[in-house]
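Number of protein chains: 2
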Amino acid sequence: MAESKALTTRTADFSAWYNEVIARAELADYSPVRGCMVIRPNGYAIWEQMQQALDRMFKDTGHQNAYFPLFIPQSFLSREAEHVEGFAPETAVVTIAGGKELEEPLVVRPTSETIIYSMYAKWIQSYRDLPLLINQWANVVRWELRTRLFLRTTEFLWQEGHTAHASEAEAEAETRQMLGVYRRFAEEWMAMPVITGRKTDSEKFAGALRTYAIEALMQDNKSLQAGTSHNLGQNFARAFEVTYQTSEGSIDFVWNTSWGVSTRLIGGLIMTHSDDSGLVCPPKLAQWQVVIVPIFRTDEERGSVLDAAERLLRELRAAGVRTHLDAREGMKPGAKYYEWEARGVPLRLEIGPRDVAAESAMLARRVGARKESVPMAGLASRIQSEMEAMQIALLEAARERRERASLRGATRAEFIARMEGEGGFVYAGFCGAPTCEAEIKEQTKATIRVLPDEEFRSPKQPTTCMWCGAPSTAEAVWARAY
Amino acid sequence: MAESKALTTRTADFSAWYNEVIARAELADYSPVRGCMVIRPNGYAIWEQMQQALDRMFKDTGHQNAYFPLFIPQSFLSREAEHVEGFAPETAVVTIAGGKELEEPLVVRPTSETIIYSMYAKWIQSYRDLPLLINQWANVVRWELRTRLFLRTTEFLWQEGHTAHASEAEAEAETRQMLGVYRRFAEEWMAMPVITGRKTDSEKFAGALRTYAIEALMQDNKSLQAGTSHNLGQNFARAFEVTYQTSEGSIDFVWNTSWGVSTRLIGGLIMTHSDDSGLVCPPKLAQWQVVIVPIFRTDEERGSVLDAAERLLRELRAAGVRTHLDAREGMKPGAKYYEWEARGVPLRLEIGPRDVAAESAMLARRVGARKESVPMAGLASRIQSEMEAMQIALLEAARERRERASLRGATRAEFIARMEGEGGFVYAGFCGAPTCEAEIKEQTKATIRVLPDEEFRSPKQPTTCMWCGAPSTAEAVWARAY
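In order, the protein sequence lines correspond to chains A and B. Add 60 to a position in the first sequence, counting from 1, and you land on the number used in our numbering. Add 60 to a position in the second sequence, counting from 1, and you land on the number used in our numbering.
Keep in mind the hints are simulated off the structure, nothing from the lab. Note that the coordinates shown come from a computational prediction; the quantities given were computed from them, not determined experimentally. Mixed in with the good hints, there may be bad ones.
Heads up, the list lumps identical chains together, so a pair's fine if it works in one copy or across two of them.
Below, simulated BS3-like cross-link-like pairs (lysine-lysine); rule was C-alpha separation at most 27 Å, straight line [unchecked claim]:
{"hint": "1", "residue 1": "K396", "residue 2": "K501"}
{"hint": "2", "residue 1": "K505", "residue 2": "K282"}
{"hint": "3", "residue 1": "K119", "residue 2": "K344"}
{"hint": "4", "residue 1": "K396", "residue 2": "K119"}
{"hint": "5", "residue 1": "K344", "residue 2": "K282"}
{"hint": "6", "residue 1": "K392", "residue 2": "K182"}
{"hint": "7", "residue 1": "K282", "residue 2": "K520"}
{"hint": "8", "residue 1": "K182", "residue 2": "K282"}
{"hint": "9", "residue 1": "K505", "residue 2": "K182"}
{"hint": "10", "residue 1": "K505", "residue 2": "K392"}
{"hint": "11", "residue 1": "K182", "residue 2": "K344"}
{"hint": "12", "residue 1": "K396", "residue 2": "K65"}
{"hint": "13", "residue 1": "K505", "residue 2": "K119"}
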């Protein structure tokens, strides 16, 4: 239900604005369980669109879905030393079941490498069983101290891909391929531009050889890690004895990858596009792409307007446009506009008696706020091209915003000023020393988001570390992050 | 990977046969966690087909999806007296999280009435907010002592619908509507005939006013409860204070329903249709509806046969037929046939050099086992009609099998003989006394599956209780059950 109070603005209080956008659009709600959210129908509908698109991309790249248990024996977690160190402190543990204390406590999965690779050990015998390319859609639990709707919740929904390969090169290619899938999804579906690259050792996944990520810059100039893809090397294969007979007859450990995105993406979507009127959702992911609002005063007008609106509804739906007719009685059109704007519907069609007479409708865009009269004839294809244009414009606007907030080749002083001031991405040289990285984090709260891939690197590569002045080993992108 | 050993037959050992069908088709596997299974890609693909079909039916009847937390505060479960009595003994309980003991333990949801209705109390204010029609796809946990793959596992996947209404009549209509959806899904998609009806008080859901179910008879003549729909009355609304302002301005409790089906359906699918060669899957739910097996000896044959096979693959896929081309090298066609039969693929097309020359293919059906040569021209529509015929034939065969195993108007002696002998459904009079019901269960292991709906009742209604001879209050259907 729309409330009449205006939202807190982004400039006034970004964090309050974020929560109010979610509440007003009824995307999610707090639950009685600490740190756990409820994803309401309007929010879940976006997740369903995301799932469908991603699932298709996973299947098109040869992956199959499966489902593994929620519970993991506590001892499994400990088999990979870095992994247990990274995850044990934030686990939820079942100690009682069926009225009895369990002999071995069960961890509610924070991620499923251990349980999945214990099964792969059983399923994989020979090089003929490779590659094994499996994905799972699941809920996971990480006991977080500070939680925020979608961005960091104790329980969240995600997908986790887990693959096994016969060579390091193949595993690396898979890791990079899935990073590319995430990038494509972020850009083409979410209209959210990302930079891709490798994480430093201090930011990589606990147990991975190398972690790659997509990072997006939010409107408050903080970065969001939106998806990760890990080359796990043979670390888990050794821990769970996942071996195979090579084509030459010898026995070797497999090479694994894992990769995931979560409901956190919805938080990223909100913070990339939304404005002080509420949610802005790219057409490709919107639950309703078009809402039709009929306008009438008399009963006679009502009949002809609703007839026209219903014809239009059928026509748009037949053309594959997700369209909703808001025929609620006893609610003024203006109140409906206000509500659908807050809910992020990309396009609105208003139809009154004059529109019916002129065989036209009034088209209002969620972004840009220009209204124009458009003929009924050929409206479905007009709507299609409007949506395509909006999808591209949102991506372009977000990319321009990010570039305006990016600084390349900063000095130490400029870096500090940025991090204490407007924020954003800073590209600069890095000596590669974890001590330098830790010092920067402590003094500026900024972390290295990625060592960017070639395409994102500055034309003029830095030669010295922005912080300590030692020779640079790689350009890095810093930001404060969610 | 196909093993060469023949399956145990159904008549030799139904339970062993069931497990072997699952293993051979790679549908599921045991996990290292007691009672939890892994749903392997071949099994999960069937679940995905089921989900898609059901989800469409739920949305077509006005429901939306959402997601509620996995964890439920232990105190919530206790608020509805019957509910806690029914579920508390089989819960898994998280007592430690983030390295600390929790002040209030969290139950891993065995079902979500309590957590969901606690949110509804927040969301529902007025009659305008009703009906609220929400479904969730989720995992749930019930600590079972004896588990069987798909049929009874500690963790399982399901959907649970939860609705709130302004009147008892509306809630009852919703309960019956969703039972109808389940019946339609079972019959039209799973080709699994069901009888519908009401559960007796001793078999109803803990906390419900009335429970309705669909029951299907498996090939071993035991019944499977395949889906339930509950009219919860105002029981949970009272416990969680879910009230609303009526259109007249007074305050009343809402009326709730809940309904669910689970991965148990896959067990039902297996035990309804499969045979001693392995899985039989109705075309509508098959991961692959058609598999193409190319046959060749020389390199020259290989080229032309694979060309024809690939053309056919494209043609069938373009027609919307889920088709797989099995072009594996170094494996004899016979071994492939054997494997795909065990995996339940409805139709197989074999293409050899002679077929290519004659512009035909050899069509083999999974059921009936007749092979015939069919022309390539128009093959897609031929395949479509073959699949429709198979879908109908499977339902018909299962219905005939069930009717042959059903006895109407049995005497007490006949009843005992049946339950100790061949099993099946027995229709007979029931006095309505829980004591009588309990005695029957203890002496024969048979339970009342449903008090059948009108359509399923015997033409001649019984007048006395089959067991005690007192006047009958309703005809009942008994069986031993899973």
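Outcome of the hint check:
{"no.": "1", "hint": "K396 to K501", "in the structure": "neither (47 Å within a copy, 59 Å between copies)"}
{"no.": "2", "hint": "K505 to K282", "in the structure": "within (11 Å within a copy, 64 Å between copies)"}
{"no.": "3", "hint": "K119 to K344", "in the structure": "both (19 Å within a copy, 20 Å between copies)"}
{"no.": "4", "hint": "K396 to K119", "in the structure": "between (40 Å within a copy, 23 Å between copies)"}
{"no.": "5", "hint": "K344 to K282", "in the structure": "within (25 Å within a copy, 48 Å between copies)"}
{"no.": "6", "hint": "K392 to K182", "in the structure": "between (63 Å within a copy, 26 Å between copies)"}
{"no.": "7", "hint": "K282 to K520", "in the structure": "within (25 Å within a copy, 75 Å between copies)"}
{"no.": "8", "hint": "K182 to K282", "in the structure": "neither (44 Å within a copy, 33 Å between copies)"}
{"no.": "9", "hint": "K505 to K182", "in the structure": "neither (45 Å within a copy, 38 Å between copies)"}
{"no.": "10", "hint": "K505 to K392", "in the structure": "neither (48 Å within a copy, 63 Å between copies)"}
{"no.": "11", "hint": "K182 to K344", "in the structure": "neither (41 Å within a copy, 31 Å between copies)"}
{"no.": "12", "hint": "K396 to K65", "in the structure": "within (15 Å within a copy, 67 Å between copies)"}
{"no.": "13", "hint": "K505 to K119", "in the structure": "neither (39 Å within a copy, 46 Å between copies)"}
Violated hints, listed in ascending order, are 1, 8, 9, 10, 11 and 13; each of the other numbered hints is respected by the structure.
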